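Asks: Sequence:
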Amino acid sequence: MKLSIIVPAMNEEENVGDVVECISKVLKDVDYEIIFIDDGSTDRTYEALEKLYKKYKDSVRAISFSRNFGKDSAIYAGLEHSKGEYIAIIDADMEQNPSYLVEMLDFLEKNDDYDQVAMTIKKRKAGSFIKRLGGKAFYGLMNILSDVKFAQDASDFRMFRSNVKDALLSLPEKSRFSKGIFSWIGFKTKFMEYEVGERTHGVTKFNFKSSFKYAIDGIVGFSIRPLRIATFLGTLTSLSGFIYLIYIIIKTVLYGIDSPGFATIVCLILFIGGIQLICLGILGEYMARTFVETKKRPVYIARKKIGFEEEIL
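For the sequence shown, position 92 matches number 92 in our numbering, and the numbering has no gaps at all.
No wet-lab data here; the hints were simulated from the structure. If you're wondering where the values come from, they're calculated on a predicted model, not measured in any experiment. Don't be surprised by glycine CBs; every beta carbon is placed ideally from N, CA and C. One thing to keep in mind: the hints can contain errors.
Unchecked claim - Cross-link-like lysine-lysine pairs, in silico, BS3-like; alpha carbons within 27 Å at most:
1) K110 to K83
2) K165 to K251
3) K54 to K83
To be verified - Quick list of the computed label-pair ranges, beta carbon to beta carbon:
4) E85 to T294: 31 to 39 Å
5) S240 to K305: 53 to 61 Å
6) L283 to D106: 34 to 42 Å
7) K304 to G273: 46 to 54 Å
I would like the entire structure built from these sequences, with the hints used as guidance.
Replies: Structural data, given as structure tokens:
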């Protein structure tokens, strides 16, 4: 098998057929498999995949999750079941054009010293100005906080050799942040730009809430500097309070100036309380991640599988 293509899909019943048809046209001379991961869809995505399997039995495979586990879990499931010499990850919404797979595969076959090709967005067109600004801020913040460096506008749209897949599967964490994991494992990477296409059907499932949660997961998973910031804030607040205490003593004892300061006390209480809550929140995020990891639950649970010979359906 030359190429395994992992396609996470959630509520993409109208798009999965377009993905298969497009891939079959651009990779007609390549031995490939397409592994769809139905990530807890509530529409008829799985039924659409069953129909595609009957039509393209030699190339289409599918795994249906018991519920929505997230894109990163879907990628992990695809990696576990991939058999190709090369592995690619592409979204099911057609915003990432499958025609780029030819260019990526050609580059890797001609350049043995490179292990993977990562696609970066040439120009963000979709989403509001706030969302685009938030994306840039996220990558900037991650590069400040984390020892692992993130390429600006890098996506999960990429292709890599089987040695990269083995490295990804060797990481035992359950809470997976794929962008960070790809950066952490290293390997020589070629960055290529791609034009974001138009979604043909449906709407994006990645809203502001999902983006915010994704950003928090990335920061907590790949940086301990927020904990150091909490320590710094606590030290700075304590030092400031001590200095203010010395000031009040000198002002009252040496100069006899009374300091009722009701407003000042209220402001200080609110300020210090806010700092404490922020620090507790930071600690809570890391403790929650540790709590989840210690449970050792599986990354995903498969409800049904199509096209895998070793599975009895």
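Asks: What are the numbers of the hints the structure violates, in ascending order?
Replies: Hints 2, 6 are the ones this structure does not satisfy, whereas the remaining hints hold.
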